[in-house]
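For chain P, the structure is supplied; the task is to place chains A and V on it using the hints.
Residue numbers (this note's numbering), protein chains in the order written: chain P, 1 to 261; chain A, 1 to 487; chain V, 1 to 206.
None of these hints come from the bench; they were simulated from the model.
Any given hint could turn out to be false.
Claimed, not checked - Straight-line alpha carbon distances no greater than 20 angstroms define the calculated SDA-like cross-link-like pairs of lysine to any residue that follow:
1. P/K203 / A/S145
2. P/K203 / A/K278
3. V/K189 / A/L398
4. V/K189 / P/Q189
5. P/K203 / A/P277
6. A/K411 / P/R199
7. P/K166 / A/G302
8. A/K411 / P/F191
9. P/K166 / V/K189
10. A/K340 / P/R182
11. P/K166 / A/P277
12. P/K203 / A/S50
13. V/K189 / P/F191
14. A/K340 / P/T180
15. P/K166 / A/R275
16. P/K203 / V/K189
17. A/K340 / P/R199
18. P/K203 / A/G62
19. P/K166 / A/G62
20. A/K340 / P/D101
21. V/K189 / A/G227
22. P/K166 / A/S50
23. A/K340 / P/D179
24. A/K340 / P/E163
25. P/K203 / A/D64
26. P/K166 / V/A197
27. A/K340 / P/F75
28. P/K166 / A/P116
29. V/K189 / A/T363
30. A/K411 / P/L170
31. A/K278 / P/F186
32. P/K203 / A/R400
33. A/K411 / V/K189
34. P/K203 / A/S45
35. P/K203 / A/F404
36. P/K203 / V/A197
Computed from a predicted model, the values in this text were never measured in an experiment.
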Amino acid sequence: MSILIPHSGPQAIYRVNPVAKLAASAVIGIALVLSIDWVSATVALAFEAVLFLFAGLGPRRFMLRTLPVWVAAVFGAITILLYGVPSGQTYFQFLLINVTDGSIELAIATFLRVLAIGLPAVVLFVTVDPTDLADGLAQVLRLPSRFVLGALGGLRLVGLFLEDWKSLELARRARGIADTGRVRRFAGQAFALLVLSIRRGSKLATAMEARGFGSDTPRTWARESRFGAREQVLVGIGVLVAATSVVVSVVSGEWNFIVGG
Amino acid sequence: MGEAGPAAVTARGWGWRHASRRDWAVRGLDLRIDAGERVLLLGASGAGKSTLIHALAGVLGGDDEGESAGGLLVDGREPESARGRVGLVLQDPDSQVVLARVGDDVAFGCENLGVPREEIWQRVGDALDAVGLDLPLAHPTSELSGGQKQRLALAGVLAMRPGLLLLDEPTANLDPDGVVEVRDAVARVLEHTEATFVVIEHRVDVWWRLVDRVVVLAPGGGVLADGHPDEVLKRHGAALAASGVWVPGHRPAPPVRTRAAGSRLLRTEALAVGRSPKLVLHRDIDLEVSAGGCLAITGPNGAGKSTLGLTLAGLIRPAAGRVRADGIADGLVPDPILWKSRQLLTRIGTVFQDPEHQFVAATVGDELAVGPRALGLPPAEIDARVGPLLERLRLGHLVRANPFTLSGGEKRRLSVATVLVTRPRLLVLDEPTFGQDARTWRELVAFLAELLDAGSGIVAVTHDTDFAVALADAELRMSARGAGVPR
Amino acid sequence: MHSTFTSSTRRRITYRWRVVDIVVASVLGVAAALIFFAWNQLYQPVTAPFEALLPGSQALFYGVWLFAGVLGALVIRKPGAAIFTEVVAAAVSALLGAQWGGFATIEAGLVQGLGAELIFLVFLYSSWRLGVALLAGAGAGAAMAINDLILWYPGADVAFQSIYAVSAVISGAVIAGAGSWLIARALAKTGALSRFASGRDATARV
Chain P
1 MSILIPHSGP
11 QAIYRVNPVA
21 KLAASAVIGI
31 ALVLSIDWVS
41 ATVALAFEAV
51 LFLFAGLGPR
61 RFMLRTLPVW
71 VAAVFGAITI
81 LLYGVPSGQT
91 YFQFLLINVT
101 DGSIELAIAT
111 FLRVLAIGLP
121 AVVLFVTVDP
131 TDLADGLAQV
141 LRLPSRFVLG
151 ALGGLRLVGL
161 FLEDWKSLEL
171 ARRARGIADT
181 GRVRRFAGQA
191 FALLVLSIRR
201 GSKLATAMEA
211 RGFGSDTPRT
221 WARESRFGAR
231 EQVLVGIGVL
241 VAATSVVVSV
251 VSGEWNFIVG
261 G
Chain A
1 MGEAGPAAVT
11 ARGWGWRHAS
21 RRDWAVRGLD
31 LRIDAGERVL
41 LLGASGAGKS
51 TLIHALAGVL
61 GGDDEGESAG
71 GLLVDGREPE
81 SARGRVGLVL
91 QDPDSQVVLA
101 RVGDDVAFGC
111 ENLGVPREEI
121 WQRVGDALDA
131 VGLDLPLAHP
141 TSELSGGQKQ
151 RLALAGVLAM
161 RPGLLLLDEP
171 TANLDPDGVV
181 EVRDAVARVL
191 EHTEATFVVI
201 EHRVDVWWRL
211 VDRVVVLAPG
221 GGVLADGHPD
231 EVLKRHGAAL
241 AASGVWVPGH
251 RPAPPVRTRA
261 AGSRLLRTEA
271 LAVGRSPKLV
281 LHRDIDLEVS
291 AGGCLAITGP
301 NGAGKSTLGL
311 TLAGLIRPAA
321 GRVRADGIAD
331 GLVPDPILWK
341 SRQLLTRIGT
351 VFQDPEHQFV
361 AATVGDELAV
371 GPRALGLPPA
381 EIDARVGPLL
391 ERLRLGHLVR
401 ANPFTLSGGE
411 KRRLSVATVL
421 VTRPRLLVLD
431 EPTFGQDART
441 WRELVAFLAE
451 LLDAGSGIVA
461 VTHDTDFAVA
471 LADAELRMSA
481 RGAGVPR
Chain V
1 MHSTFTSSTR
11 RRITYRWRVV
21 DIVVASVLGV
31 AAALIFFAWN
41 QLYQPVTAPF
51 EALLPGSQAL
61 FYGVWLFAGV
71 LGALVIRKPG
81 AAIFTEVVAA
91 AVSALLGAQW
101 GGFATIEAGL
111 VQGLGAELIF
121 LVFLYSSWRL
131 GVALLAGAGA
141 GAAMAINDLI
151 LWYPGADVAF
161 QSIYAVSAVI
171 SGAVIAGAGS
181 WLIARALAKT
191 GALSRFASGR
201 DATARV
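Next up, chain P with everything else stripped away, as it sits in the complex:
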């Protein structure tokens, strides 16, 4: 489970502060969300395709981790193809389904847009180590350390929960109730997991308090979270990609603002 093992790798990207990764993907995401047109998305994707070479992922891992984005892009595009705002010539109509020139164009734009927003977000997050992220959130962004570290501590229990889930599943087969009612059984298992998780969480809270966590004493940090040149470069790249995509789209006349468009 990658979430539990500290992440590291030879590539430069592993050493970039996660806050910068979050910021870069946020800048690109916010810019592209504002419009639904094929130009801004395509420009961003072109930049991203080059940048992904430095993302610290091999081709296989890249496809594996981003597969859900591709699937989501396809499904999103199909939805818009069938139910998009109609304009121009109509090709097919049945009940609410209405495939037109307009909906085809919107579907293509949707496909590219989901990819352009989703791919960098996923790719930048693959190399994020949760501990480094928490350090960054608390030290760089100055979010309250009690909450950041509480969340990080909770994260440590993921591995146990996965084992719990597996055991809960096997136990239901052993109890003779695994032949029918999948959704109902899912609900029962989810409830049992919540009970176990609150128990473990309460114990973890006690262990953390026993080590002085949550008192009013100002906290020190054993490791410093830095935001230096490398981080500024990454955020700068994000701004560049976002700005170029918007400018090219506006200049080409394809910019299509999402509200009131």
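Frame of chain P, contents of chains A and V only:
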């Protein structure tokens, strides 16, 4: 090691009642522990040992979580304001790891106390040395064994340089190797520190040599016995053993068995086990289980004992080879993994290591009825089975209680009852005696012996050598990675 | 520290989070993320028929993704609990590899948590009844609908958008609202919430 020296503890008429309870967990306690003393705290389940030790660490919670009476002071101060002076190691190794890297986890307490950065890393190194954890600082904490996790927790506490070191059943959730590992680490730490030391434990023999005083808490409140270990043991050993404490020289007697093993229920053919076919833990296992016979599966952690148990139980698919349960198939194909969930009920029953994993109902009564209902038994028959079983396992008064609210021993007995109510011919038990006190242990062993005499077959995955000696007719000792060696 | 026998549960409302509040809210978020993860494997065959029958109505099942915030608030009973729990759930989903990646998933969690949080704020964090839970669930559903329609379906026509929005609100109210209320009540009965006011209100002293 303590910067301000060892801490003293004073309790005067102290008591605590949890906000959700009617009874006081501890009441009217008068106790003084001098600076530098080494104390083993004993008492029956529910005597409030854990409550006291949590209170000393200042982690019982605020006024809305319960009410206190009298006074409890560490170094003359209320424990809540003495954080950092007191270090606490808890029972569950898994719920104490806070951070992902070994070094960070040890540093956590120091950070909270505001120790300067350079000094933190110095202290982290010292603490890891003290507990004998020779690992890189970036080593993932998720890859540690139970014993290593407890030593890590101890290191995290030592790095805070406490004057009072508290251990709350630190070895109860460990296998025998882990117990020794942690005990030795504590012994080494105690040689180098002057800190006051208080430990709670069910198993007296683990700490006997490391303490100079034993305090026995009375269940109703107050102190039952207090003095030098040998004295207290001599005078109260039998009573302590009866109340569930494991006392040296008071081992539970093994039950008398009346029947030898009969016909074969199940056997394996070149079985390989693993959680998935790619991750094989063990190969070429050939074993058999007979009616009235008990097979103990033993060996170190990670050897695949539980996986083998669950594979025999028809819950995990064999990675290779076969499990053939011809003796209990009753017209079905011999491979248990191919049976329907409902068909397992009367054939193979599984008791999981953690009883909570197998609870599916909101009351104890309903919990027992789940299996019979899945079999389609008429209500009258269900009642006829559930009632006597509840009484036999001392759960009758709890029929309306929520299973999750039961004590550890009650949960274990209930989990056994839920399996027995459908009368399976073969029982698979995963660490049935794990973390149980001596009283539950005796009851469980006696009950299983009766089942064996009545012709059931039992497979028990266990670290507990006493259990294996008491019940097993055969033992399969699994080595870490490799083939099983039947004996 | 004095002995008192005022065991009646007259509490003043405290807004400061205790360590156990923070950690259990986090852990609920983590568990919720795993439940989302398992649900994602399960839900396609469940929702597909709805999508085919009435486009946009697949949102009727999206309430499952909203339960973390409402449940967090009902258990913890502190300002910000809905937002915090839902954001943790979202962030952990992102770390586990949710399809939308880091930023978008966390943003969605923030918006959805905010939808529920506003309702609890309107009631001044003093009512935790079923009605309030239903409204909070609906609030989360409305927030999700607005967010999704702006970000992901801006090209869809009015019929699709309306069906999607109504479905999301209904789903939020029923699954996230009533569902979380029932879960919180059942959790209290297991004794797991004994350190919380939400656990002590529901059960008599034992």
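Results of checking the hints against the structure:
Our distance criterion of 20 angstroms between C-alpha atoms is met by P/K203 and A/S145, whose separation comes to about 19 angstroms. Straight-line distance between C-alpha atoms of P/K203 and A/K278 comes to about 35 angstroms, which puts the hinted pair past the 20 angstroms bound. A distance of roughly 14 angstroms separates the Cα atoms of V/K189 and A/L398; the hinted pair therefore holds under the 20 angstroms criterion. Under the criterion of a C-alpha separation no larger than 20 angstroms, the hint pairing V/K189 with P/Q189 is consistent with the structure, at around 17 angstroms.
Taken as a hint, the P/K203 and A/P277 pair is broken in the structure, with Cα atoms around 35 angstroms apart against an allowance of 20 angstroms. With a C-alpha separation of about 15 angstroms, the suggested pair A/K411 and P/R199 falls inside the 20 angstroms cut-off, and the hint holds. Distance hint between P/K166 and A/G302 is fulfilled; the C-alpha atoms sit about 17 angstroms from each other, no more than 20 angstroms. Taking the CA atoms of A/K411 and P/F191, the gap is about 18 angstroms. The hint holds against a cut of 20 angstroms.
Simply put, P/K166 and V/K189 have alpha-carbon atoms about 24 angstroms apart, too far for the 20 angstroms limit, and the pair is violated. For the hint linking A/K340 to P/R182, the alpha-carbon distance of about 14 angstroms falls within 20 angstroms, and the restraint holds. This hinted pair checks out: P/K166 and A/P277 have alpha carbons roughly 16 angstroms apart, not beyond 20 angstroms. For the given pair, P/K203 sits about 13 angstroms from A/S50 by alpha-carbon distance, which is consistent with the 20 angstroms threshold.
As the CA atoms of V/K189 and P/F191 are separated by approximately 12 angstroms, the hinted pair is consistent with the 20 angstroms bound. Simply put, A/K340 and P/T180 have alpha-carbon atoms about 10 angstroms apart, close enough for the 20 angstroms limit, and the pair holds. Simply put, P/K166 and A/R275 have alpha-carbon atoms about 10 angstroms apart, close enough for the 20 angstroms limit, and the pair holds. With a C-alpha separation of about 19 angstroms, the suggested pair P/K203 and V/K189 falls inside the 20 angstroms cut-off, and the hint holds.
Restraint check: the Cα-Cα separation between A/K340 and P/R199 comes to about 32 angstroms, which exceeds 20 angstroms; the hinted pair is violated. At roughly 16 angstroms between alpha-carbon atoms, P/K203 and A/G62 fall within 20 angstroms of each other, so this suggested pair holds. The hinted pair formed by P/K166 and A/G62 fails the criterion: a straight-line CA distance of about 36 angstroms is larger than 20 angstroms. Restraint check for A/K340 and P/D101: the C-alpha separation of about 53 angstroms exceeds 20 angstroms, so the hint is violated.
Note on V/K189 and A/G227: the hinted pairing is violated, with a Cα-Cα distance of about 42 angstroms set against a maximum of 20 angstroms. About 31 angstroms separates the Cα atoms of P/K166 and A/S50, which puts this hinted pair outside 20 angstroms; it is violated. The hinted pair formed by A/K340 and P/D179 meets the criterion: a straight-line CA distance of about 7 angstroms does not exceed 20 angstroms. At roughly 23 angstroms between alpha-carbon atoms, A/K340 and P/E163 are farther apart than 20 angstroms, so this suggested pair is violated.
For the suggested pair P/K203 and A/D64, the alpha carbons sit about 18 angstroms apart, so the restraint of at most 20 angstroms is met. For a cut-off of 20 angstroms, the pair hint linking P/K166 to V/A197 is broken: about 31 angstroms separates their Cα positions. For the given pair, A/K340 sits about 36 angstroms from P/F75 by alpha-carbon distance, which is inconsistent with the 20 angstroms threshold. For the suggested pair P/K166 and A/P116, the alpha carbons sit about 43 angstroms apart, so the restraint of at most 20 angstroms is broken.
At roughly 10 angstroms between alpha-carbon atoms, V/K189 and A/T363 fall within 20 angstroms of each other, so this suggested pair holds. Of the pairs offered as hints, the one joining A/K411 and P/L170 holds, with about 18 angstroms between alpha carbons and a cut-off of 20 angstroms not exceeded. Between the alpha carbons of A/K278 and P/F186 the distance comes to roughly 27 angstroms, so the proposed pair goes past 20 angstroms and is violated. The hinted pair formed by P/K203 and A/R400 fails the criterion: a straight-line CA distance of about 27 angstroms is larger than 20 angstroms.
A threshold of 20 angstroms between alpha carbons decides the hint, and for A/K411 with V/K189 the separation of about 16 angstroms falls inside it, so the pair holds. For the proposed pair P/K203 and A/S45, the alpha carbon gap of about 19 angstroms is at most 20 angstroms, so the pair holds. Between the alpha carbons of P/K203 and A/F404 the distance comes to roughly 16 angstroms, so the proposed pair stays at or under 20 angstroms and holds. A C-alpha spacing of about 17 angstroms is found between P/K203 and V/A197, which places the hinted pair at or below 20 angstroms, so the restraint holds.
Going through the hint list in order, the structure does not satisfy hints 2, 5, 9, 17, 19, 20, 21, 22, 24, 26, 27, 28, 31 and 32.
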